[in-house]
Amino acid sequence: MDIFLQLTVSGLSTGMIYALAAAGFVVIYKASDVINFAQGDLLLLGTYLIFFGVAQVGLPWSLGVAVTLLLAVVVALAVERLVLRPLVGEPIISMIMVTIGLSSVLRGITGAIWGPNPRSFDSFLPAGDLVLGPATLSTARVLSIPIALAVLAGLGLFFRHTRDGIAMRAIADDQQAALSMGISIPRVFGVAWGLAAVSAAIGGMMLAGIVGVSPNVASIGLRVFPVVILGGLDSIAGAVIGGAVIGLLEVYVGFYVGHGLNLVVPYVVLVLVLMVRPYGLFGKEIIERV
Amino acid sequence: MSLDCGVFHTRYESDMGLRPRPLQRLRLVTLALFVLVFPFVASPYWLDLANQVAIATVGAIGLNILVGYTGQISLGQGAFMAIGAYTAGLLTLNFGVPWGASVFAACLVTAAAGTFFGLPSLRLKGLYLAIATLAAQEIVEWGMTNWTAVTGGTEAIVLPAPVLLGVRMNTNFNFYWLAVLTAGGTALFAANLMRTRIGRAFAAVRDQDIAASVIGVDVFRTKLLAFATSSFFVGLAGAMIAFHRNIITWERFTLSTSIVFLAMIIVGGLGSIRGSFLGAALITLLPAMITNLGRAIQDTAPQAASLLPYAQQAVFGIVIILFLIFEPRGLSKLWENAKDYFHVWPFAYRRGESRG
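Chains A and B, in that order, are what the protein sequence lines are. FYI, this note's numbering numbers position 46 of the first sequence as 95, with every residue one higher than the one before it. FYI, this note's numbering numbers position 129 of the second sequence as 1192, with every residue one higher than the one before it.
Keep in mind the hints are simulated off the structure, nothing from the lab. Any given hint might turn out to be false.
To be verified - Once the Cα atoms are required to be at most 25 Å apart in a straight line, the calculated SDA-like pairs of lysine to any residue come out as: (1) K1188(B) / R218(A); (2) K1188(B) / V314(A); (3) K1188(B) / V318(A); (4) K1188(B) / D223(A); (5) K1188(B) / M324(A); (6) K1396(B) / L136(A); (7) K1188(B) / L136(A); (8) K1188(B) / R326(A); (9) K1188(B) / Y78(A); (10) K1188(B) / V325(A); (11) K1188(B) / G332(A); (12) K1396(B) / V1070(B); (13) K1188(B) / L330(A); (14) K1396(B) / G138(A); (15) K1188(B) / P135(A); (16) K1188(B) / Y328(A); (17) K1188(B) / Q225(A); (18) K1188(B) / F331(A); (19) K1396(B) / L131(A); (20) K1396(B) / I141(A); (21) K1188(B) / I141(A); (22) K1188(B) / V317(A); (23) K1396(B) / R134(A); (24) K1188(B) / Q224(A); (25) K1188(B) / S143(A); (26) K1396(B) / V132(A); (27) K1188(B) / V320(A); (28) K1396(B) / P135(A); (29) K1188(B) / L271(A); (30) K1188(B) / G138(A); (31) K1396(B) / S143(A); (32) K1188(B) / P140(A); (33) K1188(B) / V137(A); (34) K1188(B) / V322(A); (35) K1188(B) / L321(A); (36) K1188(B) / R134(A); (37) K1396(B) / N1255(B).
Could you build the full structure based on these sequences and the hints that come with them?
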């Protein structure tokens, strides 16, 4: 039972980081219909920026987090302005390839600066273990769950109550109508990329604390797809549930079944969801079907 | 198909020819001469690169049939090449099938697999299809590394060098002829395919699937046919990779492979045979050139060597982004522009300029 509890906490904490990455993906998709293959690299950027700020420059924690978020937003805004905006209205294949190109550039740059080796790093999440009944849990992992949930709840509230959030929903609903109501689409696209960068950077910073700083962090970018397809491409709540389900599934399968099946089971789920319910658990039931 | 100003066809044969104009024939002959002379003057290093380009061209044309001509996005290129490579390799190694037969079998098996993975395209479009093929890629990749009994897992499979007309294909010089003939044959087949009823049906499905079904194109059948035809050549490329190095390793067939091939057809030009070749050449040669550049400046900047892989990665991404933003129709269109410029040189008017 204690093993089960440990697995559950570990799966949930991984799942919540998936959810953070997925939420950024959802925000961008909702606002601009762009499928962002560079989401994992935004995470990677967050991981390396906090490492750079705190471990290499020696900033205090609070300042390091602030600087990381700020730089992540700056990078995202630059990317949106320079790379994505010229391609508005291009076919899907162009959108997919441009974010893949972006991912390659980001990986090349971070690799050139910080190299291929994992770096050690004292996390801002407290080290040590939390003994809960029969189970011993890593404090960092336990803490990452409420942090992620708070950020995701914040995103949800943003969509419901702020001016930009409502504008974003309006654009997602009907771009033409939103335009005619005087909503500035460039501004909304910028906000979307900024938010995606913040959410990914927070995920990346927590990963730095949980699994350490290494280029492998970017591989989470691909895990986002099962999560968002399961939850629904345009739903923040879906990203949370999808993240939790995929995270848990991975650790359970990894422990009880083995054979590296944990790496492939999210994609099997993805295929099944696409066959049965392509709009996901919470997505809008509008899907381009043939 | 554009008609050229001042060219009047008086016979059906010339009207239907692939290369009707004298200048086009001259260019073709020049290219053929270059291909014939190249292996005798090139160093082994360049021959190896040329073979890689030829194989990549086959794969890129295959992918272009699906993505460029039929408009179905696939991120599963690596997986299909793996199916081709492993089928050809294992048939030869375990069952002693002659390599030619096993390559052909590999093409057929890959075509069948492609049709199977194309089934979701009957229900899914655009990005959903892209994500479904991404899942297929990941699942095949897992199968490749974990189905140890058949694929040898992460161990490499070593193959005997193929023998053609008594010549062992164990050097790049010998393999060159095989690779070039295959690439040329593939290009010829694809160019002609697009002039047939089936090829036109592919383009109709890409441009407007509903309109296509209205004018009597069976959309489902056409899409599956596109998946099958495309995968046939992708499998051929995979089998050639296996026999080029006489070794099969799973690292050659990952998601990055899929991305590299997509980059080839984006940079070369979607829906263009010439573009498939140009893109394959550029994307294959680019990392090699960056490596050479790095070696050249190694003495003045010793730290450059360690940065090489990252420079390759970043430049790869930048090339994709720049082409998408500034010339979405790729190298093929640039070549066309250059031709048009000289077509009526020294006059400034260019064909198609009014269209922007």
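Results for each hint:
1. The straight-line distance between the Cα atoms of K1188(B) and R218(A) is roughly 23 Å, inside the 25 Å bound, and the hint therefore holds.
2. Restraint check: the Cα-Cα separation between K1188(B) and V314(A) comes to about 23 Å, which is no more than 25 Å; the hinted pair holds.
3. Distance hint between K1188(B) and V318(A) is fulfilled; the C-alpha atoms sit about 19 Å from each other, no more than 25 Å.
4. Under the criterion of a C-alpha separation no larger than 25 Å, the hint pairing K1188(B) with D223(A) is consistent with the structure, at around 20 Å.
5. For the given pair, K1188(B) sits about 13 Å from M324(A) by alpha-carbon distance, which is consistent with the 25 Å threshold.
6. With a C-alpha separation of about 18 Å, the suggested pair K1396(B) and L136(A) falls inside the 25 Å cut-off, and the hint holds.
7. The hinted pair formed by K1188(B) and L136(A) meets the criterion: a straight-line CA distance of about 20 Å does not exceed 25 Å.
8. Proximity of K1188(B) to R326(A) is assessed by CA-CA distance (about 14 Å); at most 25 Å being required, the pair is judged to hold.
9. With a C-alpha separation of about 16 Å, the suggested pairing of K1188(B) with Y78(A) holds against the 25 Å cut-off.
10. This hinted pair checks out: K1188(B) and V325(A) have alpha carbons roughly 15 Å apart, not beyond 25 Å.
11. A hinted pair counts as satisfied when its Cα atoms are at most 25 Å apart, and K1188(B) with G332(A) qualifies at roughly 16 Å.
12. The hinted pair formed by K1396(B) and V1070(B) meets the criterion: a straight-line CA distance of about 22 Å does not exceed 25 Å.
13. Distance restraint check for K1188(B) and L330(A): the Cα-Cα separation of roughly 19 Å lies within the 25 Å cut-off, and the hinted pair is therefore satisfied.
14. Between K1396(B) and G138(A), the direct Cα distance comes to roughly 20 Å. Compliance with the 25 Å bound is thereby established for this hinted pair.
15. Between K1188(B) and P135(A), the direct Cα distance comes to roughly 24 Å. Compliance with the 25 Å bound is thereby established for this hinted pair.
16. Restraint check: the Cα-Cα separation between K1188(B) and Y328(A) comes to about 12 Å, which is no more than 25 Å; the hinted pair holds.
17. Distance restraint check for K1188(B) and Q225(A): the Cα-Cα separation of roughly 23 Å lies within the 25 Å cut-off, and the hinted pair is therefore satisfied.
18. As the CA atoms of K1188(B) and F331(A) are separated by approximately 20 Å, the hinted pair is consistent with the 25 Å bound.
19. Distance hint between K1396(B) and L131(A) is fulfilled; the C-alpha atoms sit about 23 Å from each other, no more than 25 Å.
20. About 20 Å separates the Cα atoms of K1396(B) and I141(A), which keeps this hinted pair within 25 Å; it holds.
21. A C-alpha spacing of about 10 Å is found between K1188(B) and I141(A), which places the hinted pair at or below 25 Å, so the restraint holds.
22. Our distance criterion of 25 Å between C-alpha atoms is met by K1188(B) and V317(A), whose separation comes to about 19 Å.
23. Between K1396(B) and R134(A) the alpha-carbon distance is near 23 Å, which keeps this suggested pair within the 25 Å criterion.
24. Using a Cα cut-off of 25 Å, the hinted pair K1188(B) and Q224(A) holds, with the two alpha carbons roughly 21 Å apart.
25. In summary, the hint linking K1188(B) to S143(A) is supported, as the alpha carbons are separated by about 15 Å, within the 25 Å threshold.
26. For the hint linking K1396(B) to V132(A), the alpha-carbon distance of about 21 Å falls within 25 Å, and the restraint holds.
27. Among the hinted pairs, K1188(B) with V320(A) is consistent with the structure: their alpha-carbon atoms are about 14 Å apart, no more than 25 Å.
28. For the hint linking K1396(B) to P135(A), the alpha-carbon distance of about 19 Å falls within 25 Å, and the restraint holds.
29. Distance restraint check for K1188(B) and L271(A): the Cα-Cα separation of roughly 20 Å lies within the 25 Å cut-off, and the hinted pair is therefore satisfied.
30. Between the alpha carbons of K1188(B) and G138(A) the distance comes to roughly 17 Å, so the proposed pair stays at or under 25 Å and holds.
31. A hinted pair counts as satisfied when its Cα atoms are at most 25 Å apart, and K1396(B) with S143(A) qualifies at roughly 16 Å.
32. Restraint check for K1188(B) and P140(A): satisfied, since their Cα atoms lie roughly 12 Å apart, inside the 25 Å limit.
33. Distance hint between K1188(B) and V137(A) is fulfilled; the C-alpha atoms sit about 19 Å from each other, no more than 25 Å.
34. Pair hint K1188(B) plus V322(A) holds up; C-alpha atoms about 15 Å apart against a cutoff of 25 Å.
35. For the hint pairing K1188(B) with L321(A), the CA-to-CA distance comes to about 16 Å; that is within 25 Å, so the pair holds.
36. Distance hint between K1188(B) and R134(A) is fulfilled; the C-alpha atoms sit about 24 Å from each other, no more than 25 Å.
37. About 20 Å separates the Cα atoms of K1396(B) and N1255(B), which keeps this hinted pair within 25 Å; it holds.
Going down the numbered hints, you'll see the structure goes against none, and every one checks out.
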